[in-house]
Structures are given as structure tokens and as C-alpha cells.
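Kindly produce the complete structure, drawing on both the sequences and the hints.
Protein sequence lines, in the order shown, are assigned to chains Z and G.
At position 64 of the first sequence the residue is numbered 64 (UniProt numbering), and the sequence of numbers has no breaks.
At position 55 of the second sequence the residue is numbered 55 (UniProt numbering), and the sequence of numbers has no breaks.
These are computed hints drawn from the structure, not numbers from a lab.
Built from N, CA and C at the ideal position, the CB exists for glycine as well.
Fair warning: there could be bad hints in the mix.
Said to hold, decoys possible - If the Cβ cut is set under 7 Å, some of the chain Z residues that face chain G in the computed set are: (1) Gly78; (2) Ala121; (3) Ser219.
The lines below spell out each chain.
Protein chains: 2
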Amino acid sequence: MSEAPAPSVTAAALAIGDELLSGRTRDKNIGHLAELLTAAGIDLKEVRIVPDDQARIIEALNALRSRYDYVFTSGGIGPTHDDITADAVAAAFGVPCSHDAGAIDLLGAHYAERGMEFTDARRRMARMPVGATHIDNPVSRAPGFIIGNVHVMAGVPSVFQAMLDNVLPALKSGAKVYSDKVDCPYGEGDIGDPLTAVAKAHPDVNIGSYPRFSGTTFSTEIVIRGRDQAAIAAAKADVETMLADVGARLGPR
Amino acid sequence: MSEAPAPSVTAAALAIGDELLSGRTRDKNIGHLAELLTAAGIDLKEVRIVPDDQARIIEALNALRSRYDYVFTSGGIGPTHDDITADAVAAAFGVPCSHDAGAIDLLGAHYAERGMEFTDARRRMARMPVGATHIDNPVSRAPGFIIGNVHVMAGVPSVFQAMLDNVLPALKSGAKVYSDKVDCPYGEGDIGDPLTAVAKAHPDVNIGSYPRFSGTTFSTEIVIRGRDQAAIAAAKADVETMLADVGARLGPR
Numbered sequence: 001m002s003e004a005p006a007p008s009v010t011a012a013a014l015a016i017g018d019e020l021l022s023g024r025t026r027d028k029n030i031g032h033l034a035e036l037l038t039a040a041g042i043d044l045k046e047v048r049i050v051p052d053d054q055a056r057i058i059e060a061l062n063a064l065r066s067r068y069d070y071v072f073t074s075g076g077i078g079p080t081h082d083d084i085t086a087d088a089v090a091a092a093f094g095v096p097c098s099h100d101a102g103a104i105d106l107l108g109a110h111y112a113e114r115g116m117e118f119t120d121a122r123r124r125m126a127r128m129p130v131g132a133t134h135i136d137n138p139v140s141r142a143p144g145f146i147i148g149n150v151h152v153m154a155g156v157p158s159v160f161q162a163m164l165d166n167v168l169p170a171l172k173s174g175a176k177v178y179s180d181k182v183d184c185p186y187g188e189g190d191i192g193d194p195l196t197a198v199a200k201a202h203p204d205v206n207i208g209s210y211p212r213f214s215g216t217t218f219s220t221e222i223v224i225r226g227r228d229q230a231a232i233a234a235a236k237a238d239v240e241t242m243l244a245d246v247g248a249r250l251g252p253r
Numbered sequence: 001m002s003e004a005p006a007p008s009v010t011a012a013a014l015a016i017g018d019e020l021l022s023g024r025t026r027d028k029n030i031g032h033l034a035e036l037l038t039a040a041g042i043d044l045k046e047v048r049i050v051p052d053d054q055a056r057i058i059e060a061l062n063a064l065r066s067r068y069d070y071v072f073t074s075g076g077i078g079p080t081h082d083d084i085t086a087d088a089v090a091a092a093f094g095v096p097c098s099h100d101a102g103a104i105d106l107l108g109a110h111y112a113e114r115g116m117e118f119t120d121a122r123r124r125m126a127r128m129p130v131g132a133t134h135i136d137n138p139v140s141r142a143p144g145f146i147i148g149n150v151h152v153m154a155g156v157p158s159v160f161q162a163m164l165d166n167v168l169p170a171l172k173s174g175a176k177v178y179s180d181k182v183d184c185p186y187g188e189g190d191i192g193d194p195l196t197a198v199a200k201a202h203p204d205v206n207i208g209s210y211p212r213f214s215g216t217t218f219s220t221e222i223v224i225r226g227r228d229q230a231a232i233a234a235a236k237a238d239v240e241t242m243l244a245d246v247g248a249r250l251g252p253r
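Right, here's the structure in full:
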């Protein structure tokens with residue numbers, strides 16, 4: 001389907017971590033980010049997952065940040081030797097990565113309050129590209145950061161989500177995309193042809209068709225998205241009429 | 001961390017579908033693929049998710065297929081108007097996309113047996129790049145396909161998994177990667193420095209550190225991967241000694 005008309009604000013996600021590619025960890029951040037961006041009127045257009053490898057992070061980040069309005073990264077900003085995201089982001093922007101004075105103060109006070117040692121490992125979490133601004137971390141204090149259009153956040157889902165909540169209000173938002181759906185008891189093979197006709201008759205909305213398989217039969221969720229609610233309602237009415245015609249031909253499911 | 005030594009066989013995944021980027025559907029195929037490839041000794045090195053947009057699919061596919069030994073795609077091969085993966089893959093390879101005679105026979109017989117109409121929509125599922133070979137689909141019959149090093153599979157998880165099962169035995173396999181893990185009751189901030197020392201002392205394995213947050217405290221899973229089981233065991237012993245030292249200093253958790 002063609003895209004809905006502009007104005008649109010676009011974004012990409014970059015999830016970083018060997019564990020996501022080995023299957024040890026199932027990513028939980030991309031789906032969450034997708035949902036919240038969509039609700040904010042921002043179109044997530046591409047996702048990449050790369051390993052903890054500086055060259056790969058830099059390459060993906062530069063590809064994405066030049067193409068989309070916003071980039072959101074997850075992972076690799078913890079205190080251990082395999083957390084190399086801050087260095088890679090700094091290298092992508094061509095700036096040094098160093099201990100941020102504000103972050104050192106914040107973390108130093110945090111660990112002092114708790115009687116915990118401010119180890120070199122913990123000090124690593126204060127490193128960020130020079131010129132970056134903090135993303136507040138209410139869960140475990142060590143901040144994420146923003147540089148240019150890139151938002152660097154933690155991989156631990158509870159921390160990622162808290163950081164995203166702090167970032168979203170400041171983002172520019174596109175025109176809201178509305179959606180409605182029709183649950184269809186028939187498989188795509190039964191509705192594909194008439195649904196194509198409905199889609200052609202409603203070029204101002206995007207009609208998606210998502211098959212479900214129960215183990216014995218297919219059904220379909222038909223989703224209509226667009227920026228004009230009246231256009232969505234008109235397309236939905238035509239989808240429902242189409243399904244009634246299919247039902248009359250094939251009988252009930 | 002540096003990679004484990006060669007020989008390695010590499011792969012990338014390309015998940016295709018607007019619904020993955022809007023948040024409506026949470027991808028279930030990437031994690032499954034990652035697990036099975038790792039078990040087969042194949043290194044999944046990169047994942048991309050792109051919308052149902054021909055230019056984006058072609059661009060991602062060409063980037064990935066030129067760089068890795070194998071590419072596995074999911075989604076966009078159903079019977080509806082928004083299923084454009086077969087056309088995009090054909091365009092990426094510069095070959096026509098047409099109804100495959102074998103697939104038409106297979107699907108024609110399948111629907112005839114069931115007394116179901118072989119609609120134009122269902123015939124769409126027999127379209128594939130000229131020269132592609134089938135991936136058998138025991139769940140719902142419509143085949144996936146292989147062209148060059150690219151394996152094109154369905155997005156519905158049960159079908160994706162069945163297709164992958166049919167594909168895996170024919171893949172060349174790298175040296176098996178073994179792994180072991182140590183559950184660590186301390187957060188990364190407490191173990192980061194000594195873990196870095198252990199990692200430096202064992203350059204022949206990859207040591208990953210994965211934080212977990214209970215809502216009040218952090219703990220860590222330390223994973224040691226490599227192609228030599230004795231090297232993994234030696235690194236694990238040093239990790240355990242390191243954790244005993246940390247425990248003696250900080251007290252039990």
C-alpha cells in the first residue's frame with residue numbers, strides 16, 4: 001500500500017547486543033517502542049539489531065540517523081566490558097567519549113547515599129559523547145543520553161521504558177494516525193481478491209491484512225489506518241459489506 | 001569482545017511487515033530463528049525490520065545478501081494485496097516474478113481436494129522469482145522459496161517455524177558454538193571491574209554480561225561462549241572465583 005499523506009515524523013530503532021542475536025534474550029523493547037511511537041504520531045520506519053561490535057554499531061547508526069527524524073537505541077550502556085554503545089555513538093558523531101561531569105556527580109551521590117562503592121565499572125556509566133544531554137533514569141539512576149537526533153537508552157526493559165517515557169514529551173509529533181479493525185473469520189485466500197478491490201477504492205487509507213492460524217483454520221484481522229477518520233469509516237463499511245458478500249457465498253464460519 | 005575464531009557461517013534476518021513497525025504485532029520469529037541458528041553453529045549477525053515497501057525491502061535484502069552467507073526473510077508472502085515480498089525479492093535479484101508451475105499444481109490440487117475455490121488471491125501465493133526452489137509448507141501448503149542465499153518464509157509463526165525446520169538440514173554449518181553461564185547475585189556495577197579482568201585473561205572466549213532488574217535490585221547473568229569447551233570451563237572457573245571474592249567483600253545477597 002502507498003503511505004498515508006504527509007506530514008509525517010519518522011523514526012528508526014537500533015537494538016544492540018550479542019544476546020539478541022544468539023537467541024539468549026528475546027527483545028522486548030522494539031514492540032514497546034513501536035506502540036508508543038505510533039500512539040505519538042511518529043512513524044517507526046525501520047529497525048536493526050546489531051551485535052556489540054563497534055564498526056557495526058557505527059555503520060547502522062549513521063545509516064539510520066541520516067535518513068529518519070529520530071533514532072532510538074537500546075542496550076550496551078551498562079558498566080561492563082561488553083557495553084560499548086557510548087563509545088560507538090561518539091565515534092559515529094566524530095566526537096570524544098568521556099566521563100560526563102554531571103553524570104559523575106549524579107552517580108557519585110547516588111552510590112554515596114547507599115553506602116556503595118563508586119567503582120570504575122560504575123563510573124563507566126557516566127561516559128558519553130561530549131555534548132550529549134542526559135535522559136533521566138528514575139529506575140537505576142545511570143542516565144541515557146541524547147546527541148543530535150539519536151536517543152541512547154538502556155536494554156533492560158524496565159529502564160528502557162522509563163527512559164522512553166522521559167523522552168517522548170519532547171519529541172515533535174506527526175499528524176495522528178488513526179486505525180480501526182475488522183475481525184474476519186475467513187482466511188486471506190477467501191478475501192484476498194475482494195479486499196484488493198476495496199483497497200483500490202480507498203487509496204487514502206492503508207488496509208493491512210494479518211493472517212492468524214488456529215492450528216486448523218486461518219482467520220484474518222483487517223486493519224485500516226489513516227489520518228482521516230471519515231475515510232477510515234468509509235473503508236471499514238466497504239470491508240464489512242465485502243465480508244457479508246463472502247459470507248453469503250461461503251456460509252458461516 | 002572479539003569474535004570467536006573462524007570457521008564461522010554467518011546469517012542475517014529480514015522481517016517484513018507494516019504491522020511489526022506499528023506495534024500491532026510483536027515479532028515472534030527473530031528470537032526463534034536466532035536460537036535455532038545458534039544451535040546449528042550459524043552466527044546470526046544482523047536483523048532488520050522493514051515495512052511492506054518494495055524499495056525498502058530491495059535495499060535491505062541487497063545489503064544483507066551480499067554480506068552474509070544466508071538471509072532469512074519472514075512475512076509478506078500471503079494472498080493479499082499488501083503481500084509484496086515475492087515481487088520485491090525478484091526485483092532485488094533482477095529476475096521476473098511469475099506463477100510457478102509446480103506451485104500452481106500443488107495449490108490447485110490442495111484446494112480441489114478441499115472443495116475450495118482456487119481464487120486469484122490464492123494463485124498469488126504461487127508467484128515467486130523465476131529460478132527459485134520451493135520451501136515445503138506442511139501447515140498450509142503455500143510454499144516459501146529459496147533464491148541464491150535468500151530463504152523467503154511466511155510471517156505466521158507456526159508456518160515460519162515449519163518452513164525453517166525444512167530448511168535447516170540443508171544449510172552448511174559452522175563450528176559449533178558452546179556456552180555456559182553463571183548466575184550472579186550482584187549487579188554489574190559490583191562485578192564490572194573484576195569481570196573485565198577475567199575477560200582480558202580469556203581472549204579465546206566471549207564473555208557476555210546481562211543485567212536483570214527485579215524491581216528493587218539488579219542481578220547479572222554471565223554467559224561464556226566459544227568453540228572450545230575446555231576454554232569455556234577455564235573461564236567459568238575464573239568467573240566463579242571472582243564472584244566468591246566479590247561475595248567475601250560485599251556479603252551475601
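For each hint, the structure was consulted:
no.	hint	verdict
1	Gly78	5 Å, holds
2	Ala121	2 Å, holds
3	Ser219	11 Å, violated
Violated hint for the displayed structure: number 3, the only one.
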